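Colleague: Below, each chain spelled out in residue letters.
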Amino acid sequence: MDIYSAISSNRWKTWSIMVLFVVFITTVVYVMSRAWGLDSLSLVGISFILAGLMSIGSFFYSDKLVLATSGAKAVEKKDFPRFYRIVENLSIGSGLPLPRIYVIDDPSPNAFATGRDPKHSVICATTGLLNILTDAELEGVIAHELSHIKNYDIRLMGVVAILVGFIAILSDLFIRINFFKNSDDNKGNAVFLVIALILAILSPIAATLIQLSVSRKREYLADASGVLLTRYPDGLASALEKLAHDKTAPRVASNATAHLFIENPFDNKRVKNLFTGLFNTHPPIEDRIKILRSM
Amino acid sequence: MNLTIILAVIGGAVALFVLYLYNSLIITRFRVREALSQIDVQLKRRTSLIPNLIETVKGYAKHEKGLFEKVTELRSQLMKAQGPEEKAQANNMLTGALKSLFAVAENYPTLRASENFKELQEELSDTENKIAYSRQFYNSNVLNYNTKLEIFPNVIFARLLNFKPAEFFAASDEEKKDIKVNF
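Quick note, the sequences are listed as chains Z and B, same order.
Counted from 1, the first sequence has number 36 at position 36 by the numbering used here; the numbering is strictly sequential.
Counted from 1, the second sequence has number 1159 at position 159 by the numbering used here; the numbering is strictly sequential.
Don't take every hint at face value.
Subject to a maximum C-alpha distance of 25 Å in a straight line, what follows is the list of computed DMTMM-like cross-link-like pairs (lysine to aspartate or glutamate) [said to hold, decoys possible]: (1) B:Lys1118 x Z:Glu76; (2) B:Lys1065 x B:Glu1123; (3) Z:Lys77 x B:Asp1126; (4) Z:Lys119 x B:Asp1126.
Partial chain B-side listing against chain Z, Cβ under 8 Å, derived [to be verified]: (5) Ala1035; (6) Gln1038; (7) Asp1040; (8) Lys1044; (9) Asn1129; (10) Tyr1133; (11) Ser1134; (12) Gln1136.
Worth flagging that the hints you see were computed from the coordinates, not collected in a lab.
This structure is a prediction, so every number in the text was calculated from the model and none was measured.
All residues carry an ideal CB built from backbone N, CA and C; glycine is no exception.
Isolated chain Z (complex conformation) (with noise of 0.2 Å):
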């Protein structure tokens, strides 16, 4: 897979998932209204407006969300300099318009880029990363980030994050409520049974759909791109070996964002989940080290 074949496979892939979420919540609320008698066709109507307001919107603003739930605040070449030169430098090394740069205050080193086209485009590091990698290090990550942006993987990501990021909160949702009420509570509560029901079932669905559209290829090609760009594979590779071994609990990464970061936030870390396994989104770490150090 090369540059321009996985360009116009995002392209693709962002529209099928911005269609099929569409399709899936309108179904959905069909076949619920049927079952429960009411007025399906005024109710479909609604989910469909409702539904392709949030594809679109998912597209044009799924940036700003990520960008407010994960914490990330903008800076200034002033605040951090080295980090801001870096992003710079590697724009002009590789012909984007500079990203907007954002940092999140979080001790656990991590990396995202996100955005909708390499005009709207955001790269977000930690302080955490930015405080434990060397320049060389940091270049690598970078790169690596920026080839996200130039390959259209961020659209994808972004909206995935977004649409099946949302379905699986909702399950994750009403599991939880499910699993904490006491069984003696209500009425409501069979209603709430059936639709935890059929999220649970949907829930793995949507996030085996994450691992179809952010597959892990895309991760070695970033990195093989990003390499490309700094010329030293072993920055990139020294960057992941201390990601590796940091330990490090993240504060702001969801099921949702997962796929965004650069190293998987729920690896080796404190906060695993029911769903942690579903969303392994990111080839080994200690693969992806191999093969950079063999460049």
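Since the structure of chain Z is provided, determine the placement of chain B on it from the hints.
Modeller: Below, chain B alone, put in the same frame as chain Z:
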């Protein structure tokens, strides 16, 4: 009758191909020029930092007159340089001269400690990095363009349409010791 149709079809196909080739070459050549102007931006930034640097160093190291003159001369050479090859050469010579200037500065502790000097040194090394990266981007565009010119059958029509290969922006010998990447 049949022959004319066949000839017309072939002629049409060739015309379409040439049209497509012409447009794609124009776009690629435009990208090369655009990338070169990115280098120019950084070179300009570099030349504009130098007078300031010389003034600062002069304040502490009056005896290094020869060095100042050399840097000033190389600076004006870079500003006058035309075309990627000349610019690359002038830029590399200036890099060498600046390196000896910074080496000399090491002998003056008060100069080294000056905030102004530190800032200029940082700015200049940042600009040097940016030149290196814009050069990398330019050269990959040149490679792309020149390849397009030279593969068959493009090579026949490109000559007829008067497209000429672009010059690379050469790195200095020292910088050429790049790490090799194997895929």
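Colleague: Each hint: holds or not?
Modeller: Tested hints:
For a cut-off of 25 Å, the pair hint linking B:Lys1118 to Z:Glu76 stands: about 21 Å separates their Cα positions. Between B:Lys1065 and B:Glu1123 the CA atoms are separated by roughly 23 Å; this keeps the pair inside 25 Å, and the hint holds. About 13 Å separates the Cα atoms of Z:Lys77 and B:Asp1126, which keeps this hinted pair within 25 Å; it holds. For the given pair, Z:Lys119 sits about 24 Å from B:Asp1126 by alpha-carbon distance, which is consistent with the 25 Å threshold.
About 7 Å separates the beta-carbon of B:Ala1035 from the nearest beta-carbon of chain Z, less than 8 Å, and the hint is met. For B:Gln1038, the interface hint holds, the least distance from its beta-carbon to any beta-carbon of chain Z being 7 Å, beneath 8 Å. This hint is violated: B:Asp1040 has a C-beta 12 Å from the nearest C-beta of chain Z, more than the 8 Å allowed. With a cut of 8 Å, the hint placing B:Lys1044 at the interface with chain Z is violated, because the nearest CB-to-CB distance is about 14 Å.
The closest approach between the C-beta of B:Asn1129 and any C-beta of chain Z is roughly 5 Å, which is under the 8 Å cut-off, so the hint is satisfied. A least Cβ separation of about 4 Å between B:Tyr1133 and chain Z falls short of the 8 Å threshold, and the interface hint therefore holds. Interface hint status for B:Ser1134: upheld, as the beta-carbon distance to the closest one in chain Z is roughly 5 Å, under 8 Å. Among the interface hints, the one on B:Gln1136 holds; its C-beta lies about 5 Å from the nearest C-beta in chain Z, closer than the 8 Å criterion.
Checked against the numbered hints given earlier, the structure breaks hints 7 and 8 and satisfies all the rest.
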